[in-house]
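**Student:** Start from the sequences and build out the full structure, keeping to the hints where you can.
Chains as they are written, first to last, in our numbering: chain A, 1 to 97; chain B, 1 to 97.
If you're looking for bench data, these hints aren't it; they were derived computationally from the structure. Some hints could be false.
Partial list, derived from the structure: chain A residues whose beta carbon lies under 8 Å from chain B [as the list claims (entries may be wrong)]:
1) Glu52
2) His57
3) Asp59
4) Leu61
5) Ile62
6) Cys76
Pairs of lysine-lysine, DSS-like flavour, derived with a Cα cap of 25 Å [as the list claims (entries may be wrong)]:
7) A:Lys35 to A:Lys46
8) B:Lys5 to A:Lys82
9) B:Lys82 to B:Lys35
10) B:Lys46 to B:Lys35
11) B:Lys82 to A:Lys35
12) B:Lys46 to A:Lys35
13) A:Lys35 to A:Lys5
14) A:Lys46 to B:Lys5
15) B:Lys82 to B:Lys5
16) A:Lys35 to A:Lys82
17) B:Lys35 to A:Lys46
On a predicted model such as this, the values are computed, not experimentally measured, just so you know. Positions of the beta carbon are idealized from the N, C-alpha and C atoms, including for glycine.
There are 2 protein chains.
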Amino acid sequence: MAPVKLSDTEVEARLDTLPDWSRPGEEIQRTYRFKDFVEAMAFVAKVADRAEAVQHHPDILIRWNRVTLSLSTHDCGGISEKDFAFARDADAMAAGR
Amino acid sequence: MAPVKLSDTEVEARLDTLPDWSRPGEEIQRTYRFKDFVEAMAFVAKVADRAEAVQHHPDILIRWNRVTLSLSTHDCGGISEKDFAFARDADAMAAGR
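**Tutor:** As structure tokens, then:
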């Protein structure tokens, strides 16, 4: 089933449950901070494995101990539930769960 | 020995030998394109290993099959030989050498 673009109201409601995420335009974004580059890359490896598994690939920016994920859904030209599902997965991975 | 900031002329001379690299401000940058996300991540893993080995960490942006490396040297507040050395290493890794 093709992903459905969420309305602004729907996006805002979901962001309320994810306080570390923001919406700079037509994507949702969070920057994670780790102890060092090695820990940051360990997180990136997990994110990459998940991205391939679910075939939904965030943009990933690595700046030494910081990793920024940006999520949007090309198939719907905006933000969909897939982005929020991935955001929650990434938060769980960053928390070591 | 602390890295020395290169002059604009010195940076330009080195960029002449690295046509795929540009200089958007106080860093040098190249975007590599791969077959897919898996190949892009394989390159990122190599870059990350090298970065830790030489303790010089590029900013790394992954956008599915594209990887952008941005290099600058904090210790000198600009671009140094370390950046060009890493750029050449990364080019060799991307070429599978």
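**Student:** The structure should be examined with respect to each hint, and the outcome stated for every one.
**Tutor:** Tested hints:
A least Cβ separation of about 6 Å between Glu52 of chain A and chain B falls short of the 8 Å threshold, and the interface hint therefore holds. The interface hint given for His57 of chain A holds, since its Cβ lies 5 Å from the closest Cβ of chain B, which is under the 8 Å cut-off. The interface hint given for Asp59 of chain A is met, as the beta carbon of that residue sits about 5 Å from the closest beta carbon of chain B, less than 8 Å. Annotation: interface hint on Leu61 of chain A holds; nearest CB of chain B at approximately 5 Å, less than 8 Å.
Below 8 Å, beta-carbon pairs count as interface contacts, and Ile62 of chain A has one with chain B at about 4 Å; its hint therefore holds. At a threshold of 8 Å, the smallest CB-CB gap from Cys76 of chain A to chain B is about 17 Å, leaving the interface hint violated. Using a Cα cut-off of 25 Å, the hinted pair Lys35 of chain A and Lys46 of chain A holds, with the two alpha carbons roughly 16 Å apart. Restraint check for Lys5 of chain B and Lys82 of chain A: the C-alpha separation of about 45 Å exceeds 25 Å, so the hint is violated.
Among the hinted pairs, Lys82 of chain B with Lys35 of chain B is inconsistent with the structure: their alpha-carbon atoms are about 29 Å apart, more than 25 Å. Between the alpha carbons of Lys46 of chain B and Lys35 of chain B the distance comes to roughly 16 Å, so the proposed pair stays at or under 25 Å and holds. The suggested pairing of Lys82 of chain B with Lys35 of chain A holds, with an alpha-carbon distance near 24 Å, which does not exceed 25 Å. Simply put, Lys46 of chain B and Lys35 of chain A have alpha-carbon atoms about 21 Å apart, close enough for the 25 Å limit, and the pair holds.
Pair hint Lys35 of chain A plus Lys5 of chain A does not hold up; C-alpha atoms about 36 Å apart against a cutoff of 25 Å. With a CA separation close to 36 Å, the supplied pair Lys46 of chain A and Lys5 of chain B exceeds the 25 Å bound. With a CA separation close to 10 Å, the supplied pair Lys82 of chain B and Lys5 of chain B stays within the 25 Å bound. Under the criterion of a C-alpha separation no larger than 25 Å, the hint pairing Lys35 of chain A with Lys82 of chain A is inconsistent with the structure, at around 29 Å.
Using a Cα cut-off of 25 Å, the hinted pair Lys35 of chain B and Lys46 of chain A holds, with the two alpha carbons roughly 21 Å apart.
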